[in-house]
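Chemist: Each chain, letter by letter, is given below.
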Amino acid sequence: DAGVIQSPRHEVTEMGQEVTLRCKPISGHDYLFWYRQTMMRGLELLIYFNNNVPIDDSGMPEDRFSAKMPNASFSTLKIQPSEPRDSAVYFCASSPQSLGNTEAFFGQGTRLTVV
Amino acid sequence: GDSVTQMEGPVTLSEEAFLTINCTYTATGYPSLFWYVQYPGEGLQLLLKATKADDKGSNKGFEATYRKETTSFHLEKGSVQVSDSAVYFCAQRLGYSSASKIIFGSGTRLSIRP
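In the order they appear, the protein sequences are chains A and B.
So for the first sequence, the numbering used here puts the first residue at 1; every next one is plus one.
So for the second sequence, the numbering used here puts the first residue at 116; every next one is plus one.
Fair warning: there could be bad hints in the mix.
Said to hold, decoys possible - List of simulated lysine-lysine pairs, DSBU-like, C-alpha gap at most 30 Å: (1) B/Lys216 x A/Lys68; (2) B/Lys192 x B/Lys167; (3) A/Lys78 x B/Lys216.
Don't read these hints as lab results, they were simulated from the structure.
On a predicted model such as this, the values are computed, not experimentally measured, just so you know.
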């Protein structure tokens, strides 16, 4: 398997524009996680899905952020409108159905810069 | 609530020095525990894990033992190398249903001098 695939790897956009980040999880994995990493706040869990259903979105910073998982092989994280403080590395991760003892596999991340 | 606390960095050591990075957790149940490593410009990758009390995870010379009595999972390596320079994250995961999220510590940046 190719692992978790994220696109794009780098995104530079102007403030106010819509940004869409994409993730393809590992085939057969039931969980999908979106994280944001910044120097100031470290690694934050934004939202996660189980079997394509959002389970916990309490980490989504505000209404400008939305995430979808229309099927088991694809998820998007959208920011509309984007702001400079959204600049960060966004990671997607997936894991198999768990009794709590399996790790998540991470993508390479998308580095977002909002100017 | 559930959380993971790890020692603040950065940590700078000389090559072949002994490494300890402390990690403690709070959890309402009995989580699985993980150490992840992040090399520059890359995503996180699993370094080792332990799923129950007294288990020892090990990989690439790194070790960590799940201590329920002290709620700790400290990372150790007897002799570090320059190639070990990275950011290390401690994490826990509880999960008995669909609600099985992974909680990470803040990360510890490790730099090894030749």
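Chemist: Failing hints, ascending?
Modeler: When the structure is compared with the hints, none of them turns out to be violated.
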